[in-house]
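2 protein chains.
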Amino acid sequence: MSGAPDTGPHPETGSGPNSGQDSLPKPWPRHGAREGANYRIFRSRWDDLENPRTGQRMERVVLETPDWVNVIALTRDTREIVIVRQHRFGSGGPTIEIPGGMIDAGEDPLLAAQRELREETGYVADTWTSLGSVAPNPAFLDNVCYHFLAENAVLDEAQELDAGEDILVATLTAADAVAAIQSGEISHALVITAMSRALDLRLPNVDIRRVDGRERP
Amino acid sequence: MSGAPDTGPHPETGSGPNSGQDSLPKPWPRHGAREGANYRIFRSRWDDLENPRTGQRMERVVLETPDWVNVIALTRDTREIVIVRQHRFGSGGPTIEIPGGMIDAGEDPLLAAQRELREETGYVADTWTSLGSVAPNPAFLDNVCYHFLAENAVLDEAQELDAGEDILVATLTAADAVAAIQSGEISHALVITAMSRALDLRLPNVDIRRVDGRERP
Numbered sequence: 001m002s003g004a005p006d007t008g009p010h011p012e013t014g015s016g017p018n019s020g021q022d023s024l025p026k027p028w029p030r031h032g033a034r035e036g037a038n039y040r041i042f043r044s045r046w047d048d049l050e051n052p053r054t055g056q057r058m059e060r061v062v063l064e065t066p067d068w069v070n071v072i073a074l075t076r077d078t079r080e081i082v083i084v085r086q087h088r089f090g091s092g093g094p095t096i097e098i099p100g101g102m103i104d105a106g107e108d109p110l111l112a113a114q115r116e117l118r119e120e121t122g123y124v125a126d127t128w129t130s131l132g133s134v135a136p137n138p139a140f141l142d143n144v145c146y147h148f149l150a151e152n153a154v155l156d157e158a159q160e161l162d163a164g165e166d167i168l169v170a171t172l173t174a175a176d177a178v179a180a181i182q183s184g185e186i187s188h189a190l191v192i193t194a195m196s197r198a199l200d201l202r203l204p205n206v207d208i209r210r211v212d213g214r215e216r217p
Numbered sequence: 001m002s003g004a005p006d007t008g009p010h011p012e013t014g015s016g017p018n019s020g021q022d023s024l025p026k027p028w029p030r031h032g033a034r035e036g037a038n039y040r041i042f043r044s045r046w047d048d049l050e051n052p053r054t055g056q057r058m059e060r061v062v063l064e065t066p067d068w069v070n071v072i073a074l075t076r077d078t079r080e081i082v083i084v085r086q087h088r089f090g091s092g093g094p095t096i097e098i099p100g101g102m103i104d105a106g107e108d109p110l111l112a113a114q115r116e117l118r119e120e121t122g123y124v125a126d127t128w129t130s131l132g133s134v135a136p137n138p139a140f141l142d143n144v145c146y147h148f149l150a151e152n153a154v155l156d157e158a159q160e161l162d163a164g165e166d167i168l169v170a171t172l173t174a175a176d177a178v179a180a181i182q183s184g185e186i187s188h189a190l191v192i193t194a195m196s197r198a199l200d201l202r203l204p205n206v207d208i209r210r211v212d213g214r215e216r217p
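Protein chains in written order, with UniProt numbering: chain A, 1 to 217; chain B, 1 to 217.
Bear in mind the hints are in silico, worked out from the structure with no lab data behind them. Please note that a few of the clues may not be correct.
[Said to hold, decoys possible] Pair ranges (Cβ atoms, derived): (1) G32/B to R40/A: 12 to 20 Å; (2) G164/B to A158/A: 46 to 54 Å; (3) R57/A to T78/B: 33 to 41 Å; (4) G106/B to A37/A: 28 to 36 Å.
Here a beta-carbon is modelled for each residue, glycine too, at the ideal position from N, C-alpha and C.
Could you put together the complete structure from these sequences and hints?
Here's what the structure looks like:
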């Protein structure tokens with residue numbers, strides 16, 4: 001599993017004459033960088049960059065952010081999904097999410113996933129599968145978020161919440177999770193990217209392969 | 001369409017005795033806020049919050065971020081997906097994305113989507129469908145990202161790139177887009193959340209409804 005943003009060429013992508021497979025965007029030369037503020041959950045940095053299209057120099061902010069991890073944990077007896085509910089400071093309201101968090105320095109993503117599941121929910125699981133990873137926002141975040149599937153989860157321990165957490169634990173069936181994503185009730189992008197690797201999240205009547213009911217290749 | 005993070009109760013969510021549907025996380029009282037640095041693409045703010053579980057006060061950073069929009073645009077003749085390739089400052093490398101960007105102050109999300117498609121790619125489309133929205137990261141971003149489907153896209157105008165952009169335009173079939181997401185070549189979380197509303201992105205052999213090949217409800 002290697003889901004880090006690929007900085008090399010993408011030779012396999014595209015098809016047909018308009019796929020752009022022979023034309024990659026030029027890298028932006030970086031002439032320097034200066035440290036910005038430290039926000040604990042990320043540090044800011046200002047890169048001195050040159051637009052290869054125009055030659056113009058400009059500073060752009062990058063948030064140096066630890067990698068993250070989240071987990072679709074299925075209960076052993078019912079295969080329901082373990083969810084966490086918490087008040088989120090960005091949105092200023094409650095969310096429904098799957099367990100997850102920051103990977104500690106030097107920590108293996110799988111061990112971080114197992115730790116976050118245990119600390120946030122008290123569940124432990126015996127079967128773990130990588131679901132790959134995504135870039136939460138390559139425009140200004142330098143990190144990736146690893147997704148895992150954990151099966152046969154059982155409630156084995158007490159939550160270990162840190163001072164900045166107040167988390168309720170519940171479970172959802174897969175069908176209810178799909179409905180909650182389609183309705184917008186589950187809205188966290190990184191929960192949805194994890195779910196998309198194991199559940200069909202298509203909206204009713206929206207399928208870009210089809211035209212007028214005909215299946216396209 | 002109202003995809004903003006819901007700050008109200010979630011009465012419909014959950015099923016069964018462990019669903020937590022009667023227990024919502026408590027809001028965190030906010031005792032104050034102070035302005036932080038302005039990064040142009042977002043402003044930072046420090047909220048003075050109280051953990052309702054412990055009563056402990058703590059400051060937490062929120063990035064006040066304009067809402068975003070992105071577009072799955074399908075070409076009129078082949079229904080291929082219009083993609084943009086650019087060097088991203090956060091990841092420090094090239095990405096494959098769908099067109100999108102920031103919604104201007106007071107701008108309607110649909111108009112922003114039409115503008116971003118036109119400016120970044122030169123394509124215009126005549127059929128627009130809302131695919132809802134997601135919260136890019138409710139932990140520290142206060143914004144939402146609106147997703148749209150645009151059909152019958154034709155290359156009608158020249159790109160209008162701003163000084164901070166250098167964007168290549170290409171197209172991908174739906175099948176190639178799914179393969180690129182599953183392989184990690186397309187890794188931007190908000191591209192994947194948009195795609196998940198119109199394409200089945202499940203990984204081979206991963207389906208959380210199934211156990212040992214049997215379909216679960």
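Against the structure, the hints come out as follows:
Distance hint for G32/B and R40/A: a CB-CB separation of about 19 Å, consistent with the stated range 12 to 20 Å. Against the hinted window of 46 to 54 Å, the Cβ-Cβ separation of G164/B and A158/A comes to about 49 Å, which satisfies the hint. For the pair R57/A and T78/B, the beta carbons lie near 39 Å from each other, so the given range of 33 to 41 Å is met. The hint said 28 to 36 Å for the Cβ distance between G106/B and A37/A, and at roughly 29 Å that hint holds.
Comparing the model with each earlier hint shows no violations; every hint is respected.
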